[in-house]
Amino acid sequence: MLLSQLSSKELHARLGKHGLRLRMGGFTVHLNTTLPGVVEGIGNMYGDFPLAEDSGFADFHVRVDSPRGLRSWFRPQVLFSHDGHIPFKPLPVEHGYALLEWGLNWCISSHCHQYLVIHAGVIERAGRAVILPAPPASGKSTLCAALVQRGWRLLSDELALVSRRNGQLIPIARPVNLKNQSIDIIRAFEPATVIGTAAKDTSKGTVAHMRAPKESVARVQEPAPPAWVIFPKYQPGSSATLDRMPRGTAFVELADSAFNYSALGEEGFRVMAETIDRCDCYRFTYSDLDEAVAIFASLKPSETV
Amino acid sequence: MAYDPISGDTHLLSAFAAQLLLLAGNGKGSEELVSAIAHAAGQEPSDDLRADVEGMIEELQSKGLWNRTCCSPS
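Just so you know, the sequences run in chain order A and B. Numbered by the numbering used here, the letters in the first sequence go through residues 23 to 327 in order. Numbered by the numbering used here, the letters in the second sequence go through residues 3 to 76 in order.
Just so you know, the hints here were simulated from the structure itself, not pulled from any lab data. Please note that a few of the clues may not be correct.
Derived, one-sided and incomplete: chain B residues facing chain A with beta-carbon distance under 7 Å [said to hold, decoys possible]:
1. M3
2. Y5
3. P7
4. L14
Computed spacing ranges between beta-carbons, pair by pair [to be verified]:
5. B:K30 with A:G78: 53 to 59 Å
6. B:K30 with A:S185: 32 to 38 Å
7. B:P7 with A:P157: 27 to 33 Å
8. A:Q243 with B:D50: 55 to 61 Å
9. B:D11 with A:P258: 34 to 40 Å
10. B:P47 with A:P258: 52 to 58 Å
C-beta: ideal position from N, C-alpha, C; glycine also.
With the sequences and hints as input, model every part of the structure.
This is the structure we're talking about:
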């Protein structure tokens, strides 16, 4: 059963009482919230995701709710908790859905050491995946959002999960986190895109989430082998250029973007080295999304681009 | 690339250093390393090459990388 098959009333009731177990690729998340904005966000963004059995195992037990007390009346806040633990300070209640998404990222990046977890987008086409690592403000999510609207499959916007067993990239296909001008840029690029309510004045500016394409969610059990590591950089006014990068440099920069490279020790080194050895590595500078899409369409699985 | 399992550090190596570590991993001694590298470069072993190899081994030893690293061709 998909989440979209629940009525709005059922969704509110289940999230507010015993919670809802939602399958996100290889993870099951047990979600609880009574906040209307968060319920609406979950309904908007996760409609194509399957529900898990109510009493079944969940990897993460997550609650997003307002703390009790006087404050909830004059300046309501929201807290994220995982297994009863509260890892973050409260935020204004209007940021509840964004906090849920950030919290889920934290759950996975802090606990899922069965993977080498890298802060990167991952997209796939024709059975080969691109890893898009980048620091904030590099245009990674904008690029990722545009490419998945033009035929690439979304595996993840934020977290590249590299299997330690076979080096495959594991999909989660959660919503794409858009910030500031990117929200309108993606709306204009693809008017049919479903973008949720924007949270203003967050620590990252205005934030809104783009719903993952239906097909990406439907194929969330299909891992993909990495074929390219591409470090994107949005540079206003630049034409799109793809420049080959030495593998050693790519290794160092990708390791810098990993959450648990050091924690995995020698195993992290092995998985990272195998990933880099399977990939062609590039720096990509762009300003125009159509140009960027054209360059990515010309990527060939061999050494040539 | 080389990984030091004692310190947990990852090192970006020159091609020469990497080649030396990979060859050393096959159990070659210093003179054998000189011969192997000369052979790979299509040269005869020379005193200059010997000095380069010994200098690089010293540098790798000073960083704690000699005889205990995991190397990747990356």
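Check your understanding: Where does the structure disagree with the numbered hints, that is, which hint numbers, in rising order?
Key -> none
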